[in-house]
Amino acid sequence: MTALGRVGAGVRAGTQSFVREPFNVVLLLVLPALSIQIYGVSLAQFPAVGIFDAAGTLETTGRITGAVFATGALAGVLGLFQMISARHADRRLALCGFPDVELVVSRLLTIAVVGSVIAGVATVTLVAILGEPVSAAPLVFVGLGVAAAAYGLLGILVGTVLPRELEGSLVLVILADVDNVFASGLFGIDESITQFAPLSHPHELVTAAVVDGQLATEHLLPAGGHLLVFAVLSIAAYTYAVGGEPA
Amino acid sequence: MTADRSSPPEHSEQRAASDIVVAADSIAKTYDSRLPFTRSVEVLDGATLEVRRGEVVGIMGENGSGKSTLMQILAGALDADAGAVQRAGTVGWCPQEPRLYDRLTVDETFRLFGQAYGMDDDEVREARDWLTDVLDFEEFADRQVRHLSGGNRQKLNLSVALMHEPDLLLLDEPYTGFDWETFLAFWELTEQLRDRGVGVAIISHIINERDRFDVVYELHDGHLHRQEIGADDEPQSRPTEGQVDCERTTPFVDDDAGGGQRATGEGSR
Numbered sequence: 001m002t003a004l005g006r007v008g009a010g011v012r013a014g015t016q017s018f019v020r021e022p023f024n025v026v027l028l029l030v031l032p033a034l035s036i037q038i039y040g041v042s043l044a045q046f047p048a049v050g051i052f053d054a055a056g057t058l059e060t061t062g063r064i065t066g067a068v069f070a071t072g073a074l075a076g077v078l079g080l081f082q083m084i085s086a087r088h089a090d091r092r093l094a095l096c097g098f099p100d101v102e103l104v105v106s107r108l109l110t111i112a113v114v115g116s117v118i119a120g121v122a123t124v125t126l127v128a129i130l131g132e133p134v135s136a137a138p139l140v141f142v143g144l145g146v147a148a149a150a151y152g153l154l155g156i157l158v159g160t161v162l163p164r165e166l167e168g169s170l171v172l173v174i175l176a177d178v179d180n181v182f183a184s185g186l187f188g189i190d191e192s193i194t195q196f197a198p199l200s201h202p203h204e205l206v207t208a209a210v211v212d213g214q215l216a217t218e219h220l221l222p223a224g225g226h227l228l229v230f231a232v233l234s235i236a237a238y239t240y241a242v243g244g245e246p247a
Numbered sequence: 248m249t250a251d252r253s254s255p256p257e258h259s260e261q262r263a264a265s266d267i268v269v270a271a272d273s274i275a276k277t278y279d280s281r282l283p284f285t286r287s288v289e290v291l292d293g294a295t296l297e298v299r300r301g302e303v304v305g306i307m308g309e310n311g312s313g314k315s316t317l318m319q320i321l322a323g324a325l326d327a328d329a330g331a332v333q334r335a336g337t338v339g340w341c342p343q344e345p346r347l348y349d350r351l352t353v354d355e356t357f358r359l360f361g362q363a364y365g366m367d368d369d370e371v372r373e374a375r376d377w378l379t380d381v382l383d384f385e386e387f388a389d390r391q392v393r394h395l396s397g398g399n400r401q402k403l404n405l406s407v408a409l410m411h412e413p414d415l416l417l418l419d420e421p422y423t424g425f426d427w428e429t430f431l432a433f434w435e436l437t438e439q440l441r442d443r444g445v446g447v448a449i450i451s452h453i454i455n456e457r458d459r460f461d462v463v464y465e466l467h468d469g470h471l472h473r474q475e476i477g478a479d480d481e482p483q484s485r486p487t488e489g490q491v492d493c494e495r496t497t498p499f500v501d502d503d504a505g506g507g508q509r510a511t512g513e514g515s516r
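Protein chains in written order, with my numbering: chain A, 1 to 247; chain B, 248 to 516.
Hints are supplied without guarantee of correctness; some may be wrong.
What the hints assert, rightly or not - Restraint ranges, calculated between C-beta atoms of paired labels, are given here: (1) B:A388 x A:A3: 22 to 30 Å; (2) A:I174 x B:E344: 26 to 34 Å; (3) B:E289 x A:L170: 35 to 43 Å; (4) B:E344 x A:E21: 14 to 22 Å; (5) A:V229 x B:H452: 22 to 30 Å; (6) B:E289 x A:T217: 56 to 64 Å; (7) A:V41 x B:G311: 31 to 39 Å.
By construction, these hints were calculated from the structure, which means they are not laboratory data.
Idealized CB from N, CA, C, for every residue including glycine.
Extracted from the complex, chain A is given alone in its bound form (with noise of 0.2 Å):
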């Protein structure tokens, strides 16, 4: 057995435990188009008398800003609940025999193709809900995916930590929450904060892309470097999950 077949077989396992939650599967579904609308709609009603400081329209900021937090909190849940019903399985796994560096390899993966997968699903429920045009689909689903690898590695590092399904989601939701109420950019807050939510970059690439058919280059460095702070701190707690912790 090769290790390539050895990965592909571990990101097939985890593929196959996210998809096989119905729970899951109707969250992929419904989240995105039911918070799209919301923020779309709640800040349709607000009149454009200054308050706001938007790049496209209320609406239209408000739809893109739904489609990133539902991104996000997918994408976390995803990682923690990897990390919750796969701790001791993987710990058995790797003293079995299967090489920890690809363990680790294909969790990140697991995350990177469910990732997709509901950056993909956003990034389509956006496209025919904002009832605008939008200038660069392919650039939006970048931008989601950005968000999406963010809060699948920032899930995994919740889950060492706080490794239970209900209050690891609500940790989840509520800082995929407000972490998206400085990355809307909607309330003027200074850049030199807002710069470290981890949703900032993501939803400064998706805006680009709606508003603009262009891809906010600025963002692309910042946004790599929170994926890469992200994805050495998951894998340590990863690593100290798997390997280290007393079983």
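For chain A, the structure is supplied; the task is to place chain B on it using the hints.
Frame of chain A; chain B shown alone:
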């Protein structure tokens, strides 16, 4: 295991040493408290044991005496604070709580763990057919683990430990939830493994099973007390002390140690 009477003494000693599939020497383990106002718990204190090829060893003790902790240390799933564990050959570990993927089917579980053991597809299929037949759960091959009954989940848990035909089996209350037929099948299987030269260590609470073991270790106050079944009437206080020359376990047994076999699978870390 008895030494060959016709062999020179040094050969007998070497052979006896090579028969040992796992040797633990003076194992100590304390669970430190990370919270203020809570105390640390000393679980093992100088626990020493050995398991030989073709030997079925029972480990008994009260609830909370540290049997599962000892088993995890023997398997390599947990580090000891002090002492040494040496394993020779491949290890199969059946933990008390099934550490399986809830949403994978029985078949998928065999395949995934088979890949971890380095088995090819045919070997996995053979192992699955053999174990599902012996333990009588072949009709659940397509069922997800979370939808299995407790007994069938335990059968799969045991099968994962057995599927690569290890040299040493470490079983932590392996028959929890088994019906009577499966319980008997389990012991029949254990006898077959003993005949094949597999060393088996089983944590058990069932006093009536003592006669099934070659050796019983009783864990009390962090110490192991060894009793040869049918040989000695009284437990010895530290019978293996001084008899086992152990070193701290490394990921693989030295090629020139024991049977010269590279340890793989569970316990290879």
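When the hints from earlier in the document are held up against this structure, which numbers fail? 5 and 7
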